[in-house]
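Here is what each chain is made of, one letter per residue.
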Amino acid sequence: MNYKAFVAMLARDVRVARRNIVALLFQTFLQPLMFVFIFGRVMVGSGYMPPAYKSLLLPGIMALSMVGTGIWAVAMPLIGEFQFTREIEDRLLAPMDISWVAIEKVVAGTLQALAAGIMVIPFAWLLLRPGVDLSLHRPILFAIVALLVAVFSACGGLALGCSVEQTHIGLMFSLVVAPMIFFGCTYYPWSALANFPIMQKIVLVNPLVYASEGLRATLVPQFPHLSLLAVFIALFGFNALFLTVGLRQFHKKAVS
Amino acid sequence: MAAGIRTSELRKVYNTAPPLAAGAGGFSFAEKRSKGKQPKPEIVALNGISLDIRPGEIFCLLGPNGAGKSTTVGVLTTRVKPTAGQAWIGEHEVWKEQSAVKRLIGVVAQRPNLDFSLTAREILVFHGAYFGLGSHERNQRAASLLERFKLTDRADQIVRGFSGGMMQRLSIARAMMHDPQVLFLDEPSSGLDPQTRLLLWEIIREYNRSGKTVLLTTHNMEEADALCQRLAIVDHGRIIALGTPQELKSSVPGGYLVRVRFGQNSTDLMERLKILSGVREVRATENNGADLYADRGGPLVSEVANLALAANIELCDVHISEPSLENLFLHHTGRSLRE
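Heads up: the protein sequence lines correspond to chains R and V, in order. Take any residue in the first sequence, count from 1 to its spot, add 164: that is its number in this note's numbering. To convert, note that position 31 of the second sequence is 21 in this note's numbering; the numbers rise steadily by one, no gaps.
Please note: incorrect hints may appear among the correct ones.
List time: in silico DMTMM-like cross-link candidates among lysine to aspartate or glutamate, alpha-carbon distance up to 25 Å [unchecked claim]:
#	chain 1	residue 1	chain 2	residue 2
1	V	140	V	87
2	R	168	V	32
3	R	417	V	192
4	V	86	R	261
5	V	239	V	258
6	R	168	V	276
7	R	365	R	177
8	V	86	V	192
9	V	71	R	177
10	V	264	V	276
11	R	168	V	192
Keep in mind that the hints were calculated from the coordinates and are not lab data.
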C-alpha cells in the first residue's frame, strides 16, 4: 500500500467536506433533531409519551445519524463519480492498488459517521433536557460499538454506492434506506416488538437493529436491550459482508 | 529513462448487458432466469493487437470511431482488463504490476474526467500528492502548468463551470503533473479550437523532445501526419497498416485516388478504366462507382469523362484525393475514415 497516496486522498475528501460543511451539517442533523424535538419534546411535554422515552430515543437517534451520514458520505459521491464523467479516474490511476481507493472512502465515511454520532449527543441532549438519563459507565464498550456502527455505515455506503445507478437513487432510499430506518429499532427498543413475534424475528436481518440496540446497551443500560455479544457478532458479520460485497462491486465498476 | 510500450495479441471481448427494458441494469428486481436463455451479445473490441512502440517515440493510433483505439489505451493504462494477450509499459507487465505501471504513465481520457469538487489548482496539487510529490514541488509544478496551459486566471475556481476546451487543457496538464515517462492522449484535440490545437501539438512535441514516449489516438489524419513518427491504422480491433506516415502513404498504389460514380454499371467501362495510363488499380464501389488508384489526379479526370462519353454512360460524380492517410485507410478497408 502507498500510504502517501492514501493520505492525500483522505486530505482531498476533508477538503471537499470542509467546502460543503453547511450543507453537510443540515443534511446530517436537521432530520434527527426535528425528530428529537417532536417526539422527545412535544409528545413527551404534552403527555402522550412517558418522560422515560427521552432517554430511550437518544441512542436510536445517534444510530440513525451515524448510519445516515456514513451511507450518504460514501454512497452518494461514488454514485456520482462512477457516472459517465468518471471523476474518480484520477484516483484509480494513482500508483496503488485500486482496492485502497475504496478503503479510503470507507475510512473517510467512518470518520464522518463518528463525528456525526459524537456531535448529535450534545445537540439532542440540549433539546431534550431535563430528564435524559445517560450513563456512560462503560466508555470502552461504547467506543467499540460506536466504531463498529460507523464502519458498518461506511461499508454499507460502499456496497450501495457501487451497486446502484444514479437513476435509481430515489428507489434506493425508498426501498432500502427508509425500511431499514423504520424497522431498525431506532425509535423503539427491540423488546417492544414482543407483541409482533414474526416481525421481531424478521427485523434481525436489519443491521441498524444492532446499531441502535448496541448504543442503547452502552448509553442507557437501564432499558431492555439485545445482549452486547449478539451486537458485536452481528456488527462484525455485517461489516465483513458489506466490505466484501462493496470491494467486489467497486472492482466491477472501476475496471471494464 | 524512457519507457516503451509493447503489446502481444491483445484481445478484448465485451459482454454487454441487455438493455434495461430487458430486465437487467444496476438495480433490478426482475428475475434472472430469462437471462440464461438469451445468448449474451458479444462485442469484439480488440482482435489481436500487437504493437512495439519504442521509447521516446510519438506513436499514433488512427482509426474511425469504434475501431478499438480507446480500448487499447484502456488496457495499457490498467482501466480495461484484456480478455487475452499481454501488455508491457517499459519492463512492467500492465496487469501484474499495476502500481509500477501507473507510476510511469500519464493519461488524458477522451472525455474530461476531472474531479468536479475541486478547483483547477487543487486538481493538479492533489494529483501530485497522489504521486508522492512534496508540498513545495507540487505547488510549484501546478503553478507552472497552469501558466503554460493559460489557466492561471481561473486557477482557483471550481472546474464545473469551465468550457470544454479549458477542461481538456487541464486534463492534459494533470497528466503531465507527475512527469510520466509515457503519456497517453485519447483524441486530445477533439473539441479544441485550431489555435489551442496548435498549442497542444507544440506541447506534445516539446514533451517528446525531453525523451518521453507519447501514444495518441485520433481519427484526424492531419494530426497523425503532423505529429507522429510512426502510426498504426486500426479498424475492427485489428491493425491494418503500420509504419511512418510517409511509408504508409507511399504504400497506396499510385498515391492519388480518383473516386467516380457513373449513371449505370458497365463492366466494359471498368476494363477500359484499368488501362488508362497511370492507373494502378480500379475497384468497383457501391452505386455504380469506382475507385481509381493512380499516380496522377486531375489530368485523369478528362480521360475518364471521355471514356464515359464514348460508352454513352453519364458521369455523375468525381472526387480527387491527393496522397493521404485517408486514401490509405480507404484502400485497406473500402470505407472512408469519416464515414
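Tested hints:
1. A distance of roughly 36 Å separates the Cα atoms of residue 140(V) and residue 87(V); the hinted pair therefore is violated under the 25 Å criterion.
2. Restraint check for residue 168(R) and residue 32(V): not satisfied, since their Cα atoms lie roughly 40 Å apart, outside the 25 Å limit.
3. Taking the CA atoms of residue 417(R) and residue 192(V), the gap is near 36 Å; set against the 25 Å cutoff, the hint is violated.
4. The straight-line distance between the Cα atoms of residue 86(V) and residue 261(R) is roughly 11 Å, inside the 25 Å bound, and the hint therefore holds.
5. The suggested pairing of residue 239(V) with residue 258(V) is violated, with an alpha-carbon distance near 30 Å, which exceeds 25 Å.
6. Under the criterion of a C-alpha separation no larger than 25 Å, the hint pairing residue 168(R) with residue 276(V) is inconsistent with the structure, at around 60 Å.
7. Restraint check: the Cα-Cα separation between residue 365(R) and residue 177(R) comes to about 39 Å, which exceeds 25 Å; the hinted pair is violated.
8. This hinted pair does not check out: residue 86(V) and residue 192(V) have alpha carbons roughly 34 Å apart, beyond 25 Å.
9. For the hint pairing residue 71(V) with residue 177(R), the CA-to-CA distance comes to about 28 Å; that exceeds 25 Å, so the pair is violated.
10. This hinted pair checks out: residue 264(V) and residue 276(V) have alpha carbons roughly 18 Å apart, not beyond 25 Å.
11. Annotation: proposed proximity of residue 168(R) to residue 192(V) is violated, straight-line Cα distance about 33 Å (limit 25 Å).
When the structure is compared with the earlier hints, violations turn up for hints 1, 2, 3, 5, 6, 7, 8, 9 and 11 and for no others.
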